[in-house]
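Using our numbering, you'd call the opening residue of the sequence shown number 1 and step up by one each time.
Don't take each hint at face value.
Calculated pairs, BS3-like style, for lysine-lysine (alpha carbon to alpha carbon, straight line, at most 25 Å) [as the list claims (entries may be wrong)]:
| hint | residue 1 | residue 2 |
| --- | --- | --- |
| 1 | Lys54 | Lys73 |
| 2 | Lys16 | Lys54 |
| 3 | Lys88 | Lys62 |
| 4 | Lys88 | Lys54 |
| 5 | Lys54 | Lys8 |
Rather than coming from a laboratory, the hints here were simulated on the basis of the structure.
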Amino acid sequence: MNIDDIKKLDNLTLLKIGLSATEMLKKESTRKRHRSTEEDYDEIIETCYRELSKRREGEKNKFRRHIINLSYKKLMEMVREYVVDNPKVSSECYNEILWRRRLDELRGHVEIKTALQKLEEILSG
């Protein structure tokens, strides 16, 4: 199995391979085997965990984009619905509500309004 094959695996398999490679590396290092074998295991472990991290970050970003597109009402429903089952989802939704309210408050200030208008004029060219 090469590094490109590793990137095609599902998350659970990646985790299992990473853990088994870690165990194998511990056994190899106690036997004082070849250095190249240890480096191979290191590369496998590093690739597995790097790929998992990248996927996790991608999922977070996808979830974040989904939340941004929701209405206030739907966000509030999600906060209530996920408070117990998944506090992290609830927290993300709540933070989005707070962020939107803060933006609405800022847009209400005259200085901010004029600054936003100037920025829009500059951007529209």
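Taking the hints in turn, this is what the structure says about them:
{"no.": "1", "hint": "Lys54 with Lys73", "in the structure": "violated, 32 Å"}
{"no.": "2", "hint": "Lys16 with Lys54", "in the structure": "holds, 17 Å"}
{"no.": "3", "hint": "Lys88 with Lys62", "in the structure": "holds, 15 Å"}
{"no.": "4", "hint": "Lys88 with Lys54", "in the structure": "holds, 19 Å"}
{"no.": "5", "hint": "Lys54 with Lys8", "in the structure": "holds, 13 Å"}
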